[in-house]
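Visitor: Protein sequence lines, in the order shown, are assigned to chains A and B. So for the first sequence, the numbering used here puts the first residue at 1; every next one is plus one. So for the second sequence, the numbering used here puts the first residue at 1; every next one is plus one.
It should be emphasised that the hints constitute simulated quantities derived from the structure, not laboratory data. All values reported here derive from a predicted model rather than from experimental measurement. Some hints here could point you the wrong way.
Said to hold, decoys possible - Simulated pairs of lysine-lysine, PhoX-like, Cα-Cα distance not exceeding 25 Å:
#1 B:K52 / B:K112
#2 A:K201 / B:K151
#3 B:K176 / B:K112
#4 B:K18 / A:K50
#5 A:K252 / B:K54
#6 A:K220 / A:K245
#7 A:K220 / B:K52
#8 A:K245 / A:K194
#9 A:K272 / A:K332
#10 B:K203 / B:K52
#11 A:K220 / B:K200
#12 B:K54 / A:K245
#13 B:K105 / B:K209
#14 B:K115 / B:K54
#15 B:K204 / A:K220
#16 A:K242 / B:K54
#17 A:K272 / A:K194
#18 A:K245 / B:K52
#19 B:K203 / A:K220
#20 A:K194 / A:K332
#21 B:K154 / A:K245
#22 A:K332 / A:K297
#23 A:K27 / B:K18
#24 B:K151 / A:K252
#25 A:K220 / B:K202
#26 B:K151 / A:K245
#27 B:K200 / B:K34
#28 B:K54 / B:K174
#29 B:K54 / A:K220
#30 A:K245 / B:K200
#31 B:K52 / B:K174
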Amino acid sequence: MIPFGTGTGLEGGILPLRGGVTFNLMKMDQVVCVNADDFDGTVEPGVTRKTFNNYLRDLGLWFPVDPGADASLCGMAATSASGTNAVRYGTMRENILNLEVVLPDGRIMHTAGKGRRSRKTAAGYNLTNLFVGSEGTLGFITQATLRLYGVPEATVAAVCHFPSVRAAVEATVSILQACIPVARIEFLDEMQMKASIEYSKLQDLSELPTLFLEFNGSEKSLEEQAKAAGEIAVSHGGSEFKWAKEHSERNKLWAARHNALYAARSLAPNCKCIITDVAVPISRLPEIISATKDDIKKSELLATIVGHVGDGNFHACILADPNSTSDMDKMKELANRAAERALSMNGTCTGEHGVGIGKRHHLSKQLGDVTIDVLRSVKKMFDPKDLMNPGKVI
Amino acid sequence: MSLRVLVGCKRVIDFAVKVRVRPDKKGVVTDGVKHSMNPFDEIAVEEAVRLKEKSIAGEIIAVSCGPQQCQETLRTALAMGADRAIHVDIPVKDYEALEPFHVSKILARLAKDEKADIVIVGKQAIDGDCNQTGQMTAAWLDWPQATFASKLEKGDDGTFTIAREVDGGSETIKVKLPAVVTVDLRLNEPRYATLPNIMKAKKKPLAKKTVAELGVDISPRVEILSVEEPPTRKAGEKVETVEDLVKKLKDLGVV
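Work out the full structure: start from the sequences and follow the hints.
Guide: The following block contains the structure:
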């Protein structure tokens, strides 16, 4: 039994490796309730992130987890999705209060208890977060109660170019260490900038290692944040900030960032692409990105690097000609080495895309024998016949 | 030049909702259904707020005609930046038969009473799709009208230069104030109401008026006989070759 939402996942989570039945949940499309004064709302699988934010706009509320795609919110819960706003607002893990789940044996379970929506609780085991990221292997998520936030008074985005990858990433670390509450801080390397400038028709930007930033809050705090971040960037060799104040201008920038994959692919239209998703402790980021870039250079494959540097998470979009076995092998090896490098730095093989099929072999190394064994026992308890999305995650 | 802008905001069923016909076939289901400001009216409010930010407009008055819930729509307008609001209270039973003919009389009366320099409304509402209110309001006031505005620029001589979306492309006209403007999609992208502004909007003035005090007669002029869903779409047919396709089209008499 394989749950299906919007099909926008990146790790093959919806592929029926052993046949079976696909359950398309998109017709369960109600916003069950929104409690504006309590900052919470409950949705069914058919409600996507953009649909929900549209619904909330009159209340001045929003749900900030933004993975780019207009994904099903329950699907985002299943893959523990994240996105460009995680540095300030967290990922799905930090923003789900309760889940209604249908277990493989048909029983309906509410992970925090039926109707419970307190912002914090110490009652019992955290089953809500067990299901977040379970990728359809433990049951069907049929309702998610989400934590909502107020739309901030003012928002402004900025672009800053750097002379090197290292300078951009080190500036990021400094900005975070200065406790500037950036709403978004995203890195694009010079190859990605080249691709995105062309694909998304960005104007007045250069093909250099770049940071896209966003600040929000009151008008006054915006000025302070922007000034402080600007000074730090310049001290690392960064250019003056280029500002985007109008909401349509900001949307254009973030759309370009989210379309990074399509832009990268347009550099070599007939190529296949692997996207890595490693995450490491922030202080190790400059090292891992540089090492990955060197590895890419040695392989002579085309690749771009883009990333949620504020979370220590970055993606390499590596392109290879499907007609060349050696290139395809090189591409897969590059991706594997990126994951192994992250693991050697106390990081994770997947920051936000999930394990799916392609990263199962990294999971045992990442978690260790005891943890994997416990995970297998948990899976067996929920799903003794291995009917829920078999072949994924574990 | 500090203009006073009157903006019309209609409360309609939210565009994302699947509309259902009522069992009595006299209308659509509105109970418990999400409503929001007519998207074209959001564009109108946004344009008014931008005029204020450029110091062209000094005061923005948002108006909505309908039952009590219209006040929610007005609060959104206030949160976006309108200064005050007027709710023309119309009981539910009369609201169903309310049309552009009536609303335009109300807006014209308010434009005079409030000494507005410019009236901005959405080109049409997404429920009625009439595309009449702005035009009729201009007629009642004997003011010039600039409809389907996709660009608005103030001139030095107290006029506005406005680009209009027309079938053949874009037409640019100059209007002297006072005038009525109806806005189209490409004029701007409306801002989201922020939570702090929604809170502040609760303190902005919201006046209630009746059609009696405005001297407007809203007697129904149209009787709705029935409302029906469009016929269910028939299944399509797949063909194997281009020749088959052309033959089928010929059989249907369309080529």
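Visitor: Against this structure, judge whether each hint is valid.
Guide: Against the structure, the hints:
This hinted pair checks out: B:K52 and B:K112 have alpha carbons roughly 21 Å apart, not beyond 25 Å. Distance restraint check for A:K201 and B:K151: the Cα-Cα separation of roughly 23 Å lies within the 25 Å cut-off, and the hinted pair is therefore satisfied. For the proposed pair B:K176 and B:K112, the alpha carbon gap of about 17 Å is at most 25 Å, so the pair holds. Note on B:K18 and A:K50: the hinted pairing holds, with a Cα-Cα distance of about 16 Å set against a maximum of 25 Å.
Between A:K252 and B:K54, the direct Cα distance comes to roughly 23 Å. Compliance with the 25 Å bound is thereby established for this hinted pair. Pair hint A:K220 plus A:K245 holds up; C-alpha atoms about 15 Å apart against a cutoff of 25 Å. Taking the CA atoms of A:K220 and B:K52, the gap is about 21 Å. The hint holds against a cut of 25 Å. For the proposed pair A:K245 and A:K194, the alpha carbon gap of about 23 Å is at most 25 Å, so the pair holds.
Annotation: proposed proximity of A:K272 to A:K332 holds, straight-line Cα distance about 11 Å (limit 25 Å). Taking the CA atoms of B:K203 and B:K52, the gap is near 19 Å; set against the 25 Å cutoff, the hint holds. Distance restraint check for A:K220 and B:K200: the Cα-Cα separation of roughly 17 Å lies within the 25 Å cut-off, and the hinted pair is therefore satisfied. Distance restraint check for B:K54 and A:K245: the Cα-Cα separation of roughly 15 Å lies within the 25 Å cut-off, and the hinted pair is therefore satisfied.
Pair hint B:K105 plus B:K209 holds up; C-alpha atoms about 14 Å apart against a cutoff of 25 Å. For the proposed pair B:K115 and B:K54, the alpha carbon gap of about 21 Å is at most 25 Å, so the pair holds. Only pairs whose Cα atoms come within 25 Å are accepted, and B:K204 paired with A:K220 is accepted, the gap being roughly 23 Å. For a cut-off of 25 Å, the pair hint linking A:K242 to B:K54 stands: about 22 Å separates their Cα positions.
In summary, the hint linking A:K272 to A:K194 is supported, as the alpha carbons are separated by about 19 Å, within the 25 Å threshold. About 17 Å separates the Cα atoms of A:K245 and B:K52, which keeps this hinted pair within 25 Å; it holds. A distance of roughly 22 Å separates the Cα atoms of B:K203 and A:K220; the hinted pair therefore holds under the 25 Å criterion. For the given pair, A:K194 sits about 24 Å from A:K332 by alpha-carbon distance, which is consistent with the 25 Å threshold.
Between B:K154 and A:K245 the CA atoms are separated by roughly 22 Å; this keeps the pair inside 25 Å, and the hint holds. The suggested pairing of A:K332 with A:K297 holds, with an alpha-carbon distance near 15 Å, which does not exceed 25 Å. At most 25 Å may separate the alpha-carbon atoms for a hinted pair to count; A:K27 and B:K18 meet this at roughly 12 Å. A distance of roughly 20 Å separates the Cα atoms of B:K151 and A:K252; the hinted pair therefore holds under the 25 Å criterion.
Annotation: proposed proximity of A:K220 to B:K202 holds, straight-line Cα distance about 22 Å (limit 25 Å). Distance restraint check for B:K151 and A:K245: the Cα-Cα separation of roughly 20 Å lies within the 25 Å cut-off, and the hinted pair is therefore satisfied. For a cut-off of 25 Å, the pair hint linking B:K200 to B:K34 stands: about 23 Å separates their Cα positions. With a C-alpha separation of about 20 Å, the suggested pair B:K54 and B:K174 falls inside the 25 Å cut-off, and the hint holds.
Taken as a hint, the B:K54 and A:K220 pair is honoured in the structure, with Cα atoms around 20 Å apart against an allowance of 25 Å. Between the alpha carbons of A:K245 and B:K200 the distance comes to roughly 22 Å, so the proposed pair stays at or under 25 Å and holds. Of the supplied pair hints, the one linking B:K52 and B:K174 holds, its CA atoms being roughly 20 Å apart against a limit of 25 Å.
The structure fails none of the hints (numbered hints given earlier).
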